[in-house]
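Single-letter residue listing:
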Amino acid sequence: MTTAGQHLLELCDDVLARAATAGATACEAFAEYVKETSASVEQNELKGASSAEHEAVGIRVFVGDRLGFAYVNRFDDESLDDAIKDAVAIAKASPGDPANGLLEPLPGKAVKGLWDDALATLPPEAVVERTVALFDQARRVDKRVSVDNASFSATLAHSAVVSTAGVRAAASETAASWGLFGMAVDGDEVGSFDAYSEGARLLKDARTDEGARRFGETVMSLLKPRAGKSYQGKVLFSHEAFCEIFLDTLFESIDGDVVHKGKSRLKGMLGERVASPGFLVVDDGAKHGGLASGAFDREGMPHRRTVVMGDGVLHAFLYDGKAARRAKARPTGHALGSARNLPSVGTTNVEVGGGNASNDDLLCDLGDGLWVGRFSGNVDAVSGDFSGVAKGSFLVENGKKTAPVKETLIAGNVFEGLQRVLGCGERRYRVMATMCPWVLVDGVDVTAGG
Amino acid sequence: MLDLLESALAHGDWLELRYHDRKSRSILVEDGRLEGARSMRHAGVGVRTLVDGAWGFASTSVLTPESLAAAVAAARASAKAAAARRASKQPRLPAVIWQNGAYTSPARQPLADKSLEDKIELALQTDAKVKRGSARITSSSVHYSELIDEKLIVTSDGARVRIIDTKPELRVTAVAAMESELQSCMVAEGKTGGFGDLFARRSADEMVEKAVRIATDLLRAGYVEGGKKRVILAPDVVGLLVHEAIGHTVEADFVLSGSAAAGKIGERVASELVTLCDSGASEHEAGAGGVVLVDDEGVAARRVEIIKDGVLRSYLHNRESAERFGVEPTGNARAFEFDNEPLIRMRNTYIEPGQTPLSRMVAETADGLLLVGAKNGQADANGEFMFVVGEAYPIRRGMLGPLHRGTTITGNAFDVLRSVDQVGDQFAWELGSGYCGKGQPAKVDAGGPHLRCTVTLAGKESA
Chain A
30 MTTAGQHLLE
40 LCDDVLARAA
50 TAGATACEAF
60 AEYVKETSAS
70 VEQNELKGAS
80 SAEHEAVGIR
90 VFVGDRLGFA
100 YVNRFDDESL
110 DDAIKDAVAI
120 AKASPGDPAN
130 GLLEPLPGKA
140 VKGLWDDALA
150 TLPPEAVVER
160 TVALFDQARR
170 VDKRVSVDNA
180 SFSATLAHSA
190 VVSTAGVRAA
200 ASETAASWGL
210 FGMAVDGDEV
220 GSFDAYSEGA
230 RLLKDARTDE
240 GARRFGETVM
250 SLLKPRAGKS
260 YQGKVLFSHE
270 AFCEIFLDTL
280 FESIDGDVVH
290 KGKSRLKGML
300 GERVASPGFL
310 VVDDGAKHGG
320 LASGAFDREG
330 MPHRRTVVMG
340 DGVLHAFLYD
350 GKAARRAKAR
360 PTGHALGSAR
370 NLPSVGTTNV
380 EVGGGNASND
390 DLLCDLGDGL
400 WVGRFSGNVD
410 AVSGDFSGVA
420 KGSFLVENGK
430 KTAPVKETLI
440 AGNVFEGLQR
450 VLGCGERRYR
460 VMATMCPWVL
470 VDGVDVTAGG
Chain B
2 MLDLLESALA
12 HGDWLELRYH
22 DRKSRSILVE
32 DGRLEGARSM
42 RHAGVGVRTL
52 VDGAWGFAST
62 SVLTPESLAA
72 AVAAARASAK
82 AAAARRASKQ
92 PRLPAVIWQN
102 GAYTSPARQP
112 LADKSLEDKI
122 ELALQTDAKV
132 KRGSARITSS
142 SVHYSELIDE
152 KLIVTSDGAR
162 VRIIDTKPEL
172 RVTAVAAMES
182 ELQSCMVAEG
192 KTGGFGDLFA
202 RRSADEMVEK
212 AVRIATDLLR
222 AGYVEGGKKR
232 VILAPDVVGL
242 LVHEAIGHTV
252 EADFVLSGSA
262 AAGKIGERVA
272 SELVTLCDSG
282 ASEHEAGAGG
292 VVLVDDEGVA
302 ARRVEIIKDG
312 VLRSYLHNRE
322 SAERFGVEPT
332 GNARAFEFDN
342 EPLIRMRNTY
352 IEPGQTPLSR
362 MVAETADGLL
372 LVGAKNGQAD
382 ANGEFMFVVG
392 EAYPIRRGML
402 GPLHRGTTIT
412 GNAFDVLRSV
422 DQVGDQFAWE
432 LGSGYCGKGQ
442 PAKVDAGGPH
452 LRCTVTLAGK
462 ESA
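In the order they appear, the protein sequences are chains A and B.
Going left to right, the first sequence walks through residues 30 to 479 as this note's numbering numbers them.
Going left to right, the second sequence walks through residues 2 to 464 as this note's numbering numbers them.
Do not rely on the hints blindly, as some may be mistaken.
Some chain B residues well away from chain A (every beta-carbon gap over 12 Å; in silico) [claimed, not checked]:
(1) Gln110
(2) Val312
(3) Ser420
(4) Gln427
One side only, chain B facing chain A, incomplete, derived with CB under 8 Å [what the hints assert, rightly or not]:
(5) Arg39
(6) Arg42
(7) Gly57
(8) Ser79
(9) Gly259
(10) Glu342
(11) Asp381
(12) Asn383
Honestly, the hints are just simulated from the structure, not real lab data.
Glycine residues also receive a C-beta, built at the ideal position from the N, C-alpha and C atoms.
With the hints as constraints, model all of the structure from the sequences given.
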């Protein structure tokens with residue numbers, strides 16, 4: 030137990046005692062301390078550096094089965110008492126809900142690889158050096174690469190959760206994150222922008238060179254776009270585009286609360302085939318060193334590995350305490366959120382795929398068509414219908430990416446698309462905490478503009 | 002608090018200290034059930050310094066002289082670390098004629114006039130009315146939220162500003178179903194001020210009526226044809242266009258990165274009928290959601306004519322970019338909370354109204370569409386945009402037809418503004434709910450009159 034962790038546990042204990050005095054019949058306090066050191070390049074110039082510390086507590090109180098919540102980032106007596114008074118007043122003014130309540134503690138396993146002393150003590154000078162290096166790596170590709178923003182940050186965080194139901198846990202973790210946003214500018218031509226972001230738990234894993242180079246090459250490749258071709262059929266989605274269109278909607282549809290409210294197309298489909306054979310989705314918040322891993326979730330429950338979909342068959346929905354109570358299911362350790370929010374259901378580290386094709390194989394299987402780099406559009410999370418512009422995308426001819434396309438609209442349906450997955454790449458790319466390959470999907474409408 | 006902040010200024014280099022105490026509430030009701038009500042207080046001081054040409058920033062929520070001194074030291078250490086690697090130095094910030102004092106955003110029926118219980122009841126009752134609005138309604142939600150801000154900004158070169166601001170918001174969503182068909186409509190108001198401002202244009206009941214009517218009517222609505230079309234954009238779609246597709250390209254930081262507006266000051270970029278502005282005040286109609294009287298650098302948030310009679314006249318600036326461009330700062334530096342650094346952001350962005358009544362615009366359109374209901378959208382650095390609109394009304398031989406389903410519109414924003422041949426005479430702010438995202442959220446608003454112009458529409462397959 031770190032000193033910081035002990036301090037947060039004592040703060041939570043204090044909150045629980047004050048809440049009882051204020052009239053709460055049950056209470057949970059989630060406290061956090063975060064320190065972030067970062068630097069940024071803006072408009073191709075090092076802008077500056079910053080160091081921000083933040084300490085806060087989120088207070089969930091219950092008066093019977095009525096719920097109130099308050100957040101405060103000041104811990105003097107008056108501020109804490111005001112926040113608790115507010116939370117109790119909200120509870121008393123709210124209608125009751127039998128789904129409201131706290132969870133009993135469950136034993137969990139230690140999750141390794143979440144703390145790095147080197148990252149926790151990284152000085153501002155080293156953060157600046159890494160930011161400059163990230164920018165240089167992108168610009169080294171070509172001087173026409175224009176970086177609107179490049180940043181690198183090192184974060185350390187301590188958190189603690191204590192409840193009147195017996196939950197009592199504290200943890201510490203570090204993370205580095207970095208990203209680039211920009212476009213290529215060639216004379217009067219401004220190319221389509223692109224964004225790249227990544228993260229790591231340990232300083233030794235915070236390697237920026239390959240991603241920065243790929244970003245530079247991508248924005249350069251988007252100069253001189255031409256009109257695409259209209260057709261209906263196979264489209265090859267990059268890892269980013271597949272996440273934006275398909276996975277974000279899928280993740281919402283496996284949220285046990287959304288399922289219970291009847292707003293998920295996957296309701297009642299456990300055990301059924303909802304994607305092409307071989308397609309796999311696994312969530313694992315207990316993965317050692319995972320970006321979204323943790324010793325416990327927002328309610329103090331241990332994370333665990335959950336096979337959401339295997340061989341295209343839907344195996345599980347995800348639950349926090351409230352969603353589980355409503356669905357009469359067991360919580361799965363998927364309560365997410367910070368001190369600012371009530372817990373809500375969300376995914377952790379996700380691995381997607383199940384395929385073994387090379388990217389060249391997938392391009393060959395596509396033959397002539399469209400490779401979608403990013404998506405700028407609308408996805409209806411309930412129906413799964415999507416439509417929008419394919420950004421950072423390429424015409425594919427005879428199995429090769431030949432030219433960037435402009436003003437090309439794509440449209441289809443997420444759930445029908447999952448049933449029409451023709452192939453997944455063996456190579457998986459990181460999109461924050463999700464590892465996703467390129468995915469070839471049939472039945473997509475492509476409308477060329479420009 | 003002012004004394005505490007001023008005492009921290011005695012540390013030498015240029016310093017800016019911004020105390021921001023934000024109290025907020027959020028009440029969400031879904032399908033008759035209170036899903037969450039929360040109260041938040043997020044308060045502290047953001048410290049910014051400029052040392053040897055580089056910026057340093059730090060923040061603290063502990064409001065003691067010792068903690069402020071530590072934050073100042075941390076900001077200076079960060080700035081020094083960056084200065085050592087910065088190629089060109091920002092020599093200084095431009096002089097500002099400070100308009101020091103206390104600024105309070107106007108509010109009709111202040112938010113404090115209603116109790117917490119009243120606000121929860123408003124959300125529960127409004128949600129119940131959505132459900133009762135039609136037998137076709139299968140799902141409903143109502144989200145009430147409010148931000149109550151107090152700020153103090155002091156700088157070592159003279160700013161002493163106190164700001165009080167309140168921004169309430171109400172969103173009403175109805176989902177209607179018929180057989181396997183689902184349609185939804187969200188009606189939202191987001192204002193600066195109080196309840197009198199929030200409900201100045203329409204009451205909660207009127208918001209319910211519209212959400213229910215559009216969601217149920219869409220169940221029977223047809224599809225519009227795709228292709229390049231003459232259209233009349235309603236003020237909410239105009240707001241989305243000017244904010245997303247034009248406004249971001251004229252933020253000076255984005256200009257320096259090479260946006261489509263770079264190097265075009267003095268050039269014709271729109272029809273001569275178009276005058277496009279961004280203002281910290283609520284021009285034409287009270288209560289705009291992005292009201293900023295003084296920005297987060299302490300600079301008065303003035304009205305900026307970005308495009309005047311079709312010619313690009315100005316970008317949006319903070320103090321740093323104003324110095325680089327050799328112009329006056331425009332009061333567009335904004336930070337969401339105390340622990341965010343100020344960035345160049347829009348406030349209330351709009352097109353000035355013209356002289357043509359909507360009825361005449363429709364009557365003089367032989368073949369086109371009236372597009373209403375901005376849902377969401379994105380735009381690129383080169384001005385290309387993609388927006389989803391919720392309602393489309395065909396116009397044939399000057400007559401407005403029935404509601405059709407929404408569609409996706411796309412094009413280049415500057416090309417669209419060049420195609421404008423009629424500007425309506427009625428004005429509305431329409432984008433005050435929700436947030437603009439640019440690394441950190443910001444409350445903004447956008448709007449204007451109806452505009453007749455040309456855009457590309459997706460057809461049935463892509464809608």
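Tested hints:
1. Gln110: holds (20 Å)
2. Val312: Check passes; 18 Å lies beyond 12 Å.
3. Ser420: holds (16 Å)
4. Gln427: Holds, since 28 Å exceeds 12 Å.
5. Arg39: holds (4 Å)
6. Arg42: Arg42 of chain B check passes; min Cβ-Cβ to chain A is 5 Å, inside 8 Å.
7. Gly57: holds (6 Å)
8. Ser79: holds (4 Å)
9. Gly259: holds (4 Å)
10. Glu342: Cβ of Glu342 of chain B sits 7 Å from chain A, so the hint holds.
11. Asp381: holds (6 Å)
12. Asn383: This interface hint holds because 4 Å falls under the 8 Å limit.
In this structure, every one of the numbered hints holds.
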